[in-house]
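Student: The residues making up each chain are set out below.
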Amino acid sequence: MNSIGKPFRLKHKSVIPGFGITMGFSLLYLSLLVLIPISMVFLNSSSMGLKTFWEAVSTERVLASLQVSFTTSFLAASVNVFFGVLFAWVLERYSFPGRRIIDGLIDLPFALPTAVAGISLTTLYAENGWIGRLFAPLGIKISYTPLGITLALIFISFPFVVRTVQPVLQSIDLEAEEAAACLGATRFQTFYKIIVPTLLPAIITGFALAFARALGEYGSVVFISGNMPMQTEITPLLIRTKLEQYDYAGGTAIAAVMLVISFLMLLFINLTQWWASSRDKA
Amino acid sequence: MSIEISNVTKTFDSFQALKDINLTINTGELVALLGPSGSGKTTLLRIIAGLETPDQGNIIFDGEDNTEKSAQDRKVGFVFQHYALFKHMTVFENIAFGLKVRPSKHRPSKEAIQQKVQELLSLVKMEELAKRYPAQLSGGQRQRIALARALAVEPRVLLLDEPFGALDAKVRKDLRRWLRKLHDEYPITSVFVTHDQEEALDVADRIVILNQGKIEQIGTPEEVYDNPVNPFVYHFLGNFNLFHGRVHNGKVELGSLKLDVPEHAGTKNKEIVSFFRPHDIDISLEAGGRDDIEAEILFIRAVGPIVNLELKRLENGDYIEAEISKEVYRKLDLKEKQKVYVKPRDFKVFIPEDYVI
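Protein chains in written order, with this note's numbering: chain A, 1 to 282; chain B, 283 to 639.
Hints in this document: simulated from the structure, not taken from any laboratory. There could be a bad hint or two in this list.
To be verified - Derived DSS-like pairs: lysine-lysine, alpha-carbon spacing no greater than 25 Å straight-line:
hint, chain 1, residue 1, chain 2, residue 2
1, A, 193, B, 594
2, A, 193, B, 392
3, B, 550, A, 193
4, A, 193, B, 387
Said to hold, decoys possible - Beta-carbon label-pair distances, calculated as ranges:
hint, chain 1, residue 1, chain 2, residue 2, range
5, A, 110, B, 350, 20 to 30 Å
6, B, 463, A, 20, 52 to 62 Å
7, A, 16, B, 504, 24 to 34 Å
Model, not experiment: these values are computed from the prediction. Cβ coordinates follow ideal geometry from the N, Cα and C atoms, glycine included.
Throw the hints in and build the complete structure from the sequences for me.
Tutor: Here it is in structure tokens:
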């Protein structure tokens with residue numbers, strides 16, 4: 001009601017003091033680390049004018065790189081949705097020896113330097129590598145193709161879906177499944193009518209996080225992709241190339257496009273969360 | 283439909299939840315499984331539903347062995363203590379679920395489902411809430427929706443697991459009256475689990491009292507309340523006073539108190555425990571005869587029509603609880619610390635070597 005008169009206030013009166021200082025620090029932190037660097041991107045690219053901006057981001061090479069980045073990231077995130085849910089399911093629903101070890105291994109892609117991942121994947125999947133050798137006779141090249149990029153992206157974005165779905169799966173009401181069975185639902189019906197809708201917000205969040213992470217990935221992809229312009233060049237690499245050629249304006253223009261897309265992704269995640277929570281906790 | 287439970291045994295790891303249970307539930311009956319927590323009552327209900335498989339024994343519905351059938355094929359309605367509603371579905375979708383998941387050749391038409399759900403919503407008096415989500419309902423409303431959902435598939439048996447356990451006292455009382463009424467109108471064979479003796483006595487046609495995985499007694503509420511077969515049933519079904527004593531040639535000696543017990547006429551000099559209910563006590567201000575127990579009033583709680591008294595038996599310090607009507611209380615003009623004479627009107631004697639509590 002009075003939100004115009006009193007824009008800043010505590011949600012509830014709290015016995016814990018320090019709203020002013022904690023809020024102030026949070027805003028400072030956010031500004032220094034996130035808001036100011038990001039606004040620099042827009043500031044820099046805005047200096048070039050709309051026409052030059054459009055020219056910089058609509059060249060064939062940029063468009064091709066965006067296409068490579070988006071398709072491979074989308075594929076990687078989709079694959080991870082499937083296997084991530086499967087992994088979370090196995091870890092939460094069954095108990096078997098080594099469960100905790102596997103659970104720990106899932107976070108490895110977070111901890112490993114991505115360059116290390118890129119190099120080892122490239123060696124394994126190259127035409128003369130251990131695994132690449134098996135596919136070479138079939139005419140399937142993995143390293144230095146979009147397939148290789150997808151593989152690297154799958155690797156680095158793997159933990160997201162598992163880690164977002166796992167807690168939801170853990171807290172899922174087993175009685176609801178039993179209720180469905182008593183009402184005559186088959187196991188498959190129970191799965192897709194009861195379990196999947198419950199997991200869906202977490203799956204979407206996991207997908208969006210994995211997708212966002214894959215879009216921004218650079219370290220592992222540069223090794224496995226071969227970086228051929230128009231074919232296997234990803235957008236983050238193109239930005240770097242532009243910067244190396246002292247084309248700062250061109251680089252930031254592409255960065256701005258990526259930023260807008262990332263922002264839209266985050267908006268999408270938040271809308272999903274809001275939709276899910278308004279349904280469950282109204 | 284009748285349910286026959288024969289020789290059912292169930293063990294979880296090292297814990298034996300049910301030991302050789304035999305029970306027949308007749309068509310149209312409303313039976314309560316009553317017992318303390320850990321007595322196996324919920325396990326038994328889940329075995330009837332097919333949510334749990336017995337280690338041994340059979341579940342027979344109307345003469346047809348259902349032991350090997352899955353929950354999905356048994357056509358039972360199950361109501362959970364915590365409702366287990368589908369959170370992502372509206373009230374309407376929850377109730378319609380059981381009809382919508384049927385194989386297409388048995389599935390009713392959209393209109394028929396719509397009509398059936400409306401019918402059930404009016405049965406549970408919640409027509410206007412069809413579009414709400416479970417999170418927007420109160421506990422009592424959720425439980426009624428859970429019941430409507432279970433009834434939608436026209437189950438042969440209705441099983442309720444502590445259906446009112448999570449609700450507050452007032453709602454609980456309303457709902458159990460309503461359940462009784464519903465059962466009178468639609469006499470579907472029903473079994474409900476409870477640990478609340480008052481609820482069981484109030485609602486059920488018959489009560490099955492379970493303790494440590496075994497059936498202690500089966501009977502109508504009057505039978506089990508008035509003629510409990512053992513100390514466990516006696517003390518589980520209400521408040522009680524307990525005296526230790528001896529029985530010899532049809533006479534019970536409880537300290538100075540001597541009472542006739544014809545049913546133990548043949549027993550010679552045995553230790554016994556004697557129980558009597560707080561409401562089966564006469565209190566007088568003067569000694570009436572040798573049967574009276576001298577006692578001192580420790581505490582009086584005179585709220586409502588029943589007055590609760592806590593007394594101490596002067597002879598040996600035994601604690602006695604008594605319930606008397608307000609009328610009697612006023613007439614006697616009782617005060618705390620007063621000395622009175624107490625006489626049990628009705629009591630039960632058990633020889634404890636058979637039972638341990």
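Student: So, for every hint listed, does it hold in this structure?
Tutor: Verification of the hints:
The suggested pairing of residue 193/A with residue 594/B is violated, with an alpha-carbon distance near 63 Å, which exceeds 25 Å. The hinted pair formed by residue 193/A and residue 392/B meets the criterion: a straight-line CA distance of about 18 Å does not exceed 25 Å. For the suggested pair residue 550/B and residue 193/A, the alpha carbons sit about 68 Å apart, so the restraint of at most 25 Å is broken. Under the criterion of a C-alpha separation no larger than 25 Å, the hint pairing residue 193/A with residue 387/B is consistent with the structure, at around 20 Å.
For the hinted restraint 20 to 30 Å between residue 110/A and residue 350/B, the CB-CB distance of approximately 47 Å leaves it violated. The beta-carbon spacing between residue 463/B and residue 20/A, approximately 59 Å, falls within the hinted interval of 52 to 62 Å. For residue 16/A and residue 504/B, the Cβ-Cβ distance of about 59 Å falls outside the hinted range of 24 to 34 Å, so the restraint is violated.
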